[in-house]
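*Asks:* Using the hints, position chain G against chain B.
The lines below spell out each chain.
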Amino acid sequence: MTIELRNISKHFGALKANDSISLTVPPGCIQGILGENGAGKSTLMKIFSGFLKPDSGEIVFDGKSLKIDSPDDAIRLGIGMLHQDPLDFPPFRVIDDFIVGSPGGIVPDRRKALADFNTLSKQFGFSLSAEVRVGSLTVGERQQLEILRLLWLGAKVLILDEPTTGISQAQKEILFATLKTLADQGMTVFFVSHKLEDVEALCTKAAVLRQGALVGSMDRPFDKAALVRMMFGREVELASKSSIAPGKKVLTIKTGSVDSIRLRIKDVNLQVRAGEIIGIAGMEGSGQDLFLRACGGLVEPSGGQFCLDESETPMNGKTYHDYMRQGVTYLPAARLEKGLVPGMSLAEHFTLSVKPKSAFIDKKAAVALSNERIAAFNIKGRPDSPVESLSGGNQQRTLLSLLPEIASLILVEHPTRGLDIESTIYIWGKLKERCTAGTAILFISSDLDEILRYSDKVLVFFAGKVTPLIASESLNVQKLGELIGGVGWDALEANNNA
Amino acid sequence: MLDDRKTRILFGSGSVLVALALTTAIVAATGNNPLQAYANIIQGATGSPNVAANVLVSWVPLALATAGLLFTFTGGLWNIGIEGQITLGAIFCTWALRSLQNTALSPGAIIAVAVAAGMLGGMLWALLAGALKTFGGVNEIFGGLGLNFVATALNLWLIFGPWKRPGVASMSGTLPFEPELWMPTISVQSRLAPVPLVLAALALVTAFILLRGSHFGLRLKAVGKNPRAAYLLGIPTWQHMLLSFALCGAFAGLAGAVQVSAVYHRLIPSISSGYGYTGLMVAMLVNYSPVFAGPVALFFAALGVGSIQLPIVLKLDSSLAGVIQGFLVLFVLMGNGLRLKLLRRKRGTL
Chain B
0 MTIELRNISK HFGALKANDS ISLTVPPGCI QGILGENGAG KSTLMKIFSG FLKPDSGEIV
60 FDGKSLKIDS PDDAIRLGIG MLHQDPLDFP PFRVIDDFIV GSPGGIVPDR RKALADFNTL
120 SKQFGFSLSA EVRVGSLTVG ERQQLEILRL LWLGAKVLIL DEPTTGISQA QKEILFATLK
180 TLADQGMTVF FVSHKLEDVE ALCTKAAVLR QGALVGSMDR PFDKAALVRM MFGREVELAS
240 KSSIAPGKKV LTIKTGSVDS IRLRIKDVNL QVRAGEIIGI AGMEGSGQDL FLRACGGLVE
300 PSGGQFCLDE SETPMNGKTY HDYMRQGVTY LPAARLEKGL VPGMSLAEHF TLSVKPKSAF
360 IDKKAAVALS NERIAAFNIK GRPDSPVESL SGGNQQRTLL SLLPEIASLI LVEHPTRGLD
420 IESTIYIWGK LKERCTAGTA ILFISSDLDE ILRYSDKVLV FFAGKVTPLI ASESLNVQKL
480 GELIGGVGWD ALEANNNA
Chain G
0 MLDDRKTRIL FGSGSVLVAL ALTTAIVAAT GNNPLQAYAN IIQGATGSPN VAANVLVSWV
60 PLALATAGLL FTFTGGLWNI GIEGQITLGA IFCTWALRSL QNTALSPGAI IAVAVAAGML
120 GGMLWALLAG ALKTFGGVNE IFGGLGLNFV ATALNLWLIF GPWKRPGVAS MSGTLPFEPE
180 LWMPTISVQS RLAPVPLVLA ALALVTAFIL LRGSHFGLRL KAVGKNPRAA YLLGIPTWQH
240 MLLSFALCGA FAGLAGAVQV SAVYHRLIPS ISSGYGYTGL MVAMLVNYSP VFAGPVALFF
300 AALGVGSIQL PIVLKLDSSL AGVIQGFLVL FVLMGNGLRL KLLRRKRGTL
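Chain order of the listed sequences is B and G. Under numbering that gives the first Met the number 0, the first residue of the first sequence is numbered 0, with each subsequent residue one higher. Under numbering that gives the first Met the number 0, the first residue of the second sequence is numbered 0, with each subsequent residue one higher.
The shape of chain B in the complex, shown without the other chains (with noise of 0.2 Å):
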């Protein structure tokens, strides 16, 4: 079917979320939806999908007016929303996860439901398992779940809010592959992104906001430099890799093994030196996570040992708060759930943050600590802003300042996710002044020219086997791709044992 948006305007206070929005798509397109963070783009998809209400303006199907007041309404429009953090229910068996929307009655089909799940599954060559629990899914395959149960809730149109962020290369193949399955069935999908190649790969057209208004679209082949120029209003310049001379030892890891439920990593060796910013790529869920966290003490290693600094008595069973007294520190990529406290302004944040004089808070001085914090770090909020009113970008520079003045080892899950161009290129800014000071920073990305971009030296996981350390000049996207598969390991322990 056609969809039409028209004049569709939002505000948030004084912010023009979306500023009279006009866009028509015809079916069977993918309409990529390009912008920076905090452009509209969310919001647009929102109110399209029944999340929020606009002040204005109209939706139109096939000519026909719709009025959505609530998700629900969405759906049974046929309208299906893929949120950017996954709405589902982490303690749910994947099964009760797919049905639980479902208008069934009192008692749902179930066997009906798992049949169909299967076959669902099976169309699109995901490997998901319906008895385990969603929580234990990674986001990649969290998104495969939601893609199935809005489709089998009968959803002709989908939205897909930053889907390629936080799902590995192999996982963003099965997407792209699924949804230009469904646009040739003629189903229309609106494909939310700040990732142009994404856009490229994927969309027949493209549309771009800018400051809440749509300031231009345009149809395959796409332009690139002129979608750059579209979206920022001026060209980008990406910064370059840091060239610090490694120094004194951070972090040594000798035959390290980490055990989870699923996964058993070991015979991890590894040093890590100030200064030196190293990359962990890998699929998700083969272990790079539970390697970070043990880095730091989140989760206790089941074998060998951890040494900080240039001490030789390993770390092993002590916790986070050990790890931090000797300046490691973590920063999550589940911003609002696991790294700030919602409900908390940013200036409790910044006391939070620093070691108290008193007892007593000096509520001026933390005003006065807020206040060059958010200079500093370019955050836009108020000292008593709470940090849920804030927009993902500032979020992640808000866990940036947060950050102890001394470290000697910062773990990053993910540091950009989600993030624009130019809040990445600033929060990278930001690590690297670290690095320029001594820090060595270990981080997790599923974004392969983040990696490459970034690090000195890259460690590629795979179900659990960890290579060396590798050199990321000797690296492209190509090689480390196939690293990221399982492919050409042989070589690359050949290489290790010669």
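Since the hints were derived computationally from the structure, they do not count as laboratory data. Among the hints, erroneous ones may be present.
Unchecked claim - If you want a taste of the chain G side facing chain B, the calculated C-beta under 8 Å gives, among others:
| hint | residue |
| --- | --- |
| 1 | W181 |
| 2 | M182 |
| 3 | H214 |
| 4 | A221 |
| 5 | N225 |
| 6 | R338 |
This one's a predicted model, so the numbers in the text were calculated from it and none came from an experiment. Heads up, the beta-carbon is just placed ideally off N, CA and C, and yes, glycines get one too.
*Replies:* Frame of chain B; chain G shown alone:
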């Protein structure tokens, strides 16, 4: 945010009016004159210096319990076990008084030790609930509820067993202590003791200072709102939770000790008198604000005391006070929920 404050006041007062209207309707339905009932409650709470003093006597344990609960609520904890903590405070206080009453210590010193023992008792019982949560994975609501039953059983066992009155054990409690071990009151006839009054006020002030102005309070708030983030920010999470339990338990234990040493002068079966549960209501009603906890606790105490003579004057049960209190909490919480929902709708976010 003027808009926000306006709607808050509007919905707050609206909720109170609805609660009153519903109570009025219920009184009218029983065939009584609601205005007369209210007049009676007001008369019963303020009519004479004596009843006014009784309101204060009842305010003390309520204010103490509420002050304690502000800490656990800030830490994101539902300390349902506060009733048991009050009871244990009373038991420890009684135990200290019994042990020391025949020693050479001065009565003042004995009372001071007994009050401290009461605080210790409450604290230990609260730490038990906290430890069950932290180390045993038992939700503090269930742990606290279980410990309440244990505390009640322990109390009854003591009253009817080891500490029973000479001769026959009685529901009226243990044998009263000698008057010199009673906390001094303002006059011979009055039950109002100034020391507990000061202690209760101090408890509220302490809660205010610690929760609004200290680093401990801020860290506790962070732990309460997002323990995982708090941990990554370097805050010792379970330690803060246990500390909030300990503080709450100490205040609850103090309440129990006051009931023994200043009000009943003995241990009685229902020594906690539901002050813990009422404290939970007060804390929720004031949205965990240390500023309003004192006045609202006073209002609740006045309702409780004022309704005592309802059955005598009118043919109404004194539980009418509970009806009003319950309705107030219910509708204020509901009003607030509704307000937030409307506000969100107005902003267009679900």
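*Asks:* Hint by hint, say whether it matches the structure.
*Replies:* Outcome of the hint check:
no.: 1; hint: W181; verdict: violated (37 Å)
no.: 2; hint: M182; verdict: violated (31 Å)
no.: 3; hint: H214; verdict: holds (4 Å)
no.: 4; hint: A221; verdict: holds (5 Å)
no.: 5; hint: N225; verdict: holds (4 Å)
no.: 6; hint: R338; verdict: violated (17 Å)
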